[in-house]
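The listed protein sequences correspond, in order, to chains E and V. The numbering used here applies: residue 1 is where the first sequence begins, and numbers increase by one. The numbering used here applies: residue 1001 is where the second sequence begins, and numbers increase by one.
No wet-lab data here; the hints were simulated from the structure. Accuracy of the hints is not assured; some may be wrong.
Said to hold, decoys possible - Per the computed footprint, the stretches of chain V lying under chain E, defined by three or more beta-carbons under 8 Å from a beta-carbon of chain E, are:
| id | stretch |
| --- | --- |
| 1 | 1032-1044 |
| 2 | 1103-1109 |
| 3 | 1240-1254 |
Beta carbons: idealized from backbone N, C-alpha and C, even for Gly.
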Amino acid sequence: MYRLRKILKRTVFILLVIFVVAIILIPIYWMVNTSLKTPREVIDPIPSFFPRTPTLANYKAVFKSGLWKNFSNSVIVAVSATLASIILAFLSSYALARYRFPFHLNRLFLIWVLVVRILPPIVLAVPLFTIFNRIGLINTLGGLIVAFQIYTLPYSIWIIYGFLKTLPKEYEEAARIDGASPLRVLVSIVAPLVRSGIIATSIFALILAWNEFLFALLFVRSPRLLTLPVVIARYIGEYTTQWGELMAIGLFASLPILIFSNVVYKKQTEGFSMSLK
Amino acid sequence: MRNRERAHYNSFFYLIFAPALLVTLFLTAYPMATIFYDSFFRYSLVSNTRTFVGFQNFSRILREELFQRSLVNTLVFTLVASITEVVLGTALAFLFKREFRGKRVASLIVIFPMIISTMVICAVWQTFYHYEIGIFNYILRKWNLAPVGWLTDQRVALFSIILVDIWQWTPFAFLIIQAGMGSIPAEIWEAAQIDGARGGQIAMKITLPILRSQILMVLMLRTLDTFRLFDKVYALTGGGPANATQTLSFFIYREGFKFFNFGRASAASVITLFGVAFLALFYVRSLLGEED
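Chain E with its partners taken away, still in its complex shape:
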């Protein structure tokens, strides 16, 4: 009797887990499924759960229409924005962790960084548009790299500051006594010690920048400069019947970052999850 109950409980448990995983996987499977269908099959009111005549035509079509260009835009913008944020964040966090600036600047700045994190970004978009327009950053990838700092910089500062704060000062002091310059200490002592944390922070910042939509939508107009999320949004708005192509682009935009899900999962406990958005 007791064993029967245990088996029953176990079965319910397994079914629940399968149910949860299915809810997550069905939309992703549907993306793959639809991307392999012919345009005619896609608009069939009776949806097929496997493509009847699997085709790569949608993939061919989107690459012919210049998706590589958008893909490389996304890569350029996301990688540059991440690099810039990590360098700025590493330098400033080190200063904040090791030096006391006057007027409580350390604390004020860290609070401000948190405030930025909770702001709705649209609030900054209107005035930034005017400024960027004046200095020629509208409709350039450079402008996006700068604008993305609104997300990636506060995030990187907050996480990297957390690492540096817990780092013992002894190594740095020893190196200083041996006559190393502050810059030397920073580059050859501190940086290697927080390397793994910085790599993980970069990955999180990269995901943020890769998926960013608002500024990419508002600050760039030329089709050849668009990033992938905006291309997808345009597809949804304009070519509503091309579901197959849309799903092909979606899959293409998702695969490069799904590789990192392992890191995201592993680093959860270290305060990274603070904000993926």
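Chain V: place on chain E using the hints.
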């Protein structure tokens, strides 16, 4: 010599701090000051004129039906989405507390939605919700039920967007609450079991109270993120049908980037900022309150 070395040492820290400080001020402090200033002007990019109007932008916007609608929709979305996500996330964390084969793979799959771009997610759900070819209406028809205008029915559209948000962000709540559970020492559960507490009792009386700050934290982050809802509205409904899915962010977007009424957009931004500040203070107080 000693002094010069000291000065050199100090200037090094100023030098490495300055770039991040300047970038942050340029991107956030300056625009925020501009919003507050512009909100007192009738200022349109189209006519390129700027007239001081005092609080007129505020008083007009607050009385407009569209703005009130946006505010209510934002609040409904924020409340329903964030609470559901936290409840489901907590439930998931309890479900995944046990060991089972494939747990690692299952956990990795569960966090997929929060890594994928919102636009990709909207594209997929757009096909699900489609009136004619969507899978939801296909199922309804199969059960001989009337199809639903998931994104075109005024009463349903907002909740359809909420459902997408829940699918996307419940994993985030799960991730943080699971991390919190992992940090509870096993002795606590063992002690409770020895004392004869049952599974449900342990969850309600021991685990949940210990996780209180984690749960509040996730709730805060989700509230603040859902409050800025824009992308999903843009991709799924465009604010319609009949303004049923207008939100504060979308209102600002329309005023600023469709009608180029920068004065009104700024005033709406200021009101939104006060909303965010209110939410943040509320959570900070309850998070700090428990430490005393």
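The hints, checked one at a time:
1. Under the rule that three or more residues need a Cβ within less than 8 Å of chain E, the assignment of the stretch 1032-1044 of chain V holds, with 4 such residues.
2. Given as covered by chain E, the stretch 1103-1109 of chain V passes the check, having 4 residues with a CB less than 8 Å from a CB of that chain where 3 are the minimum.
3. Coverage of the stretch 1240-1254 of chain V by chain E holds [criterion: at least 3 residues with CB-CB distance below 8 Å; count 4].
Taken one by one, the earlier hints all hold for this structure without exception.
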